[in-house]
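So for the sequence shown, numbering that gives the first Met the number 0 puts the first residue at 0; every next one is plus one.
Please note: incorrect hints may appear among the correct ones.
The calculated EDC-like cross-link candidates involving lysine to aspartate or glutamate, where the alpha carbons are at most 16 Å apart (straight line), are [unchecked claim]:
(1) K384 to E428
(2) K308 to E273
(3) K308 to D271
(4) K384 to E340
(5) K384 to D403
(6) K151 to D229
(7) K460 to E428
(8) K87 to D198
(9) K384 to D348
(10) K460 to D412
In case anyone wonders, no lab produced these hints; they're calculated from the structure.
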Amino acid sequence: MTATTQASAQSDLVIAGLDRLVATSGSAGVSTIIKPFDGTVLGELPKSSVADVEAAFTRARAAQQHWVRTPMRTRTRVLTQFTDLVLKHDSELLDLIQLETGKSRHSAFEEIADIVLWTSHLAQRGPAVLAERRHRGALPLLTQTREVRVPKGVVGVITPWNYPLTLPVTDSLPALLAGNGVVCKPDSQTPFCALRVLDLLLQAGLPRDLLQVVVGSGREIGSAVINRADYIMFTGSTATGRTIATQCAQRLIGFSGELGGKNPLLVLADADIERAAAGALHACFSNSGQLCIATERIYVHQAVWDEFKAAFLDRVAEMQLAAGLGWDADMGSLISQSQLEAVTEHVADARAKGVTVLAGGRPRPDLGPYFFEPTVLTDVTPGMKAYREETFGPVVSLYRVASDDKAVELANDTDYGLNAAVWSRRNGERVARQLQAGTVNINEGYAATWGSFRAPMGGMKQSGLGRRHGAEGVLKYTEAQTIARQRVVRIGGFEQVANRRWATLMSAGIRVLRHFM
0 MTATTQASAQ
10 SDLVIAGLDR
20 LVATSGSAGV
30 STIIKPFDGT
40 VLGELPKSSV
50 ADVEAAFTRA
60 RAAQQHWVRT
70 PMRTRTRVLT
80 QFTDLVLKHD
90 SELLDLIQLE
100 TGKSRHSAFE
110 EIADIVLWTS
120 HLAQRGPAVL
130 AERRHRGALP
140 LLTQTREVRV
150 PKGVVGVITP
160 WNYPLTLPVT
170 DSLPALLAGN
180 GVVCKPDSQT
190 PFCALRVLDL
200 LLQAGLPRDL
210 LQVVVGSGRE
220 IGSAVINRAD
230 YIMFTGSTAT
240 GRTIATQCAQ
250 RLIGFSGELG
260 GKNPLLVLAD
270 ADIERAAAGA
280 LHACFSNSGQ
290 LCIATERIYV
300 HQAVWDEFKA
310 AFLDRVAEMQ
320 LAAGLGWDAD
330 MGSLISQSQL
340 EAVTEHVADA
350 RAKGVTVLAG
360 GRPRPDLGPY
370 FFEPTVLTDV
380 TPGMKAYREE
390 TFGPVVSLYR
400 VASDDKAVEL
410 ANDTDYGLNA
420 AVWSRRNGER
430 VARQLQAGTV
440 NINEGYAATW
450 GSFRAPMGGM
460 KQSGLGRRHG
470 AEGVLKYTEA
480 QTIARQRVVR
490 IGGFEQVANR
500 RWATLMSAGI
510 RVLRHFM
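Using the sequences plus the hints, can you model the full thing?
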């Protein structure tokens with residue numbers, strides 16, 4: 000059996016039977032999914048129509064009515080068993096991630112590690128976050144007040160292609176734990192991973208119909224999801240997020256979105272240069288740069304400019320690009336022809352306007368149809384697309400700065416505010432607090448903040464609304480309901496007491512109560 004035949008057989012094995020899980024009547028046509036490594040067909044899936052989306056929400060709503068009455072220990076048991084199944088099938092899942100996205104196995108493994116740790120965190124900590132809370136009542140001892148968390152209903156989760164296993168899990172599971180149903184629309188380029196998530200959740204005991212997966216493009220069924228959901232969680236571009244937020248506002252439903260980023264990394268004068276260079280390499284080129292929180296701008300203090308540039312470029316030159324399911328490649332492919340064209344355009348525009356290319360800068364069709372070299376630019380100026388626009392590929396710009404203050408000023412000079420990084424032995428905390436980003440990592444690119452599951456993660460400015468992770472990442476899928484029981488006397492007045500006397504008593508009461516609020 001040839002290597003090509005073996006790869007084809009492996010593809011058939013990992014996607015076998017997943018088509019049965021698509022919420023579809025089979026009348027909307029077929030979606031063809033391409034393997035980025037070589038441009039061949041990975042498989043086909045039936046598309047979901049607008050009517051299919053409506054039917055999916057109907058089924059999810061019916062299932063949610065039973066799920067909301069399911070004990071929390073049963074819900075957490077599903078999450079724990081799902082985690083066990085992910086670990087049991089980790090090799091197959093790694094293959095599926097790579098076949099759908101073209102990323103390296105190292106980058107695919109980040110998805111496995113993320114969902115195991117995040118799901119375990121949810122199972123262990125989520126119940127306490129969602130538990131009823133007792134609050135001080137209007138009148139101490141006489142008023143008993145509780146805060147109850149009520150699920151939204153059915154949540155629409157719209158996920159992108161760059162992390163096709165992580166993001167359906169990260170966004171759907173807290174919604175499910177909170178008692179909601181979910182309709183998930185994965186990107187049409189990478190639906191198999193979301194379907195495999197559903198498959199494993201059903202094996203773990205999730206009630207059938209509670210999580211529905213619809214397949215199709217945003218243009219075809221995106222609005223149908225938004226028009227029927229009780230809440231929307233979206234990950235993708237700022238432009239699309241703005242459109243979705245407008246649609247949600249018209250319906251007065253909640254919206255949370257992790258959107259674009261043009262993320263800076265600062266190398267201060269007191270940085271450990273070898274570690275900074277190694278960390279920057281991963282921050283820039285993990286997942287071929289197709290990561291919302293990846294670094295696209297590096298500001299280097301002039302005192303360490305030459306040393307950092309040399310160390311960083313040495314590491315870039317040593318990177319191994321390759322297609323395939325092995326562990327040897329440092330970087331894999333881009334996802335598609337359109338993504339390759341977008342990255343190529345940014346570099347070509349910069350070349351035409353006088354940029355200096357320190358490394359890379361070219362497509363690599365010899366490796367696969369969508370490969371692009373890890374690219375390092377300098378002399379990038381405001382007139383170039385690469386200066387302000389998100390490239391979302393393996394391209395980073397280096398800037399020499401005279402001071403920490405100048406680095407901060409330039410890092411903040413953007414409409415985005417998703418992620419940032421600072422390399423420093425002594426001044427990292429001080430500088431981090433000056434950066435306008437939802438997450439800031441000190442001596443790490445992005446993993447430290449992303450992996451801190453008890454803390455919220457999200458963007459400032461045009462990089463998003465709402466947060467995932469932390470308590471906020473769970474509570475956003477609920478409504479807060481306050482229930483107060485009044486004992487003995489009413490607050491609103493005493494029938495047996497004249498209005499003037501009632502006011503006198505209340506006046507005395509509030510003078511005492513104000514010291515205990």
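Each hint tested on the structure:
1. K384 to E428: Judged against 16 Å, a Cα distance of about 31 Å means the pair is violated.
2. K308 to E273: Within the cut-off at roughly 11 Å; holds.
3. K308 to D271: holds (13 Å)
4. K384 to E340: Distance ~14 Å between K384 and E340 Cα, so the pair holds.
5. K384 to D403: violated (25 Å)
6. K151 to D229: Measuring from Cα to Cα gives roughly 6 Å; hence the hint holds.
7. K460 to E428: Violated, at roughly 21 Å.
8. K87 to D198: holds (14 Å)
9. K384 to D348: holds (7 Å)
10. K460 to D412: Within the cut-off at roughly 11 Å; holds.
Consistency with the previously given hints fails for numbers 1, 5, 7, ordered from lowest to highest.
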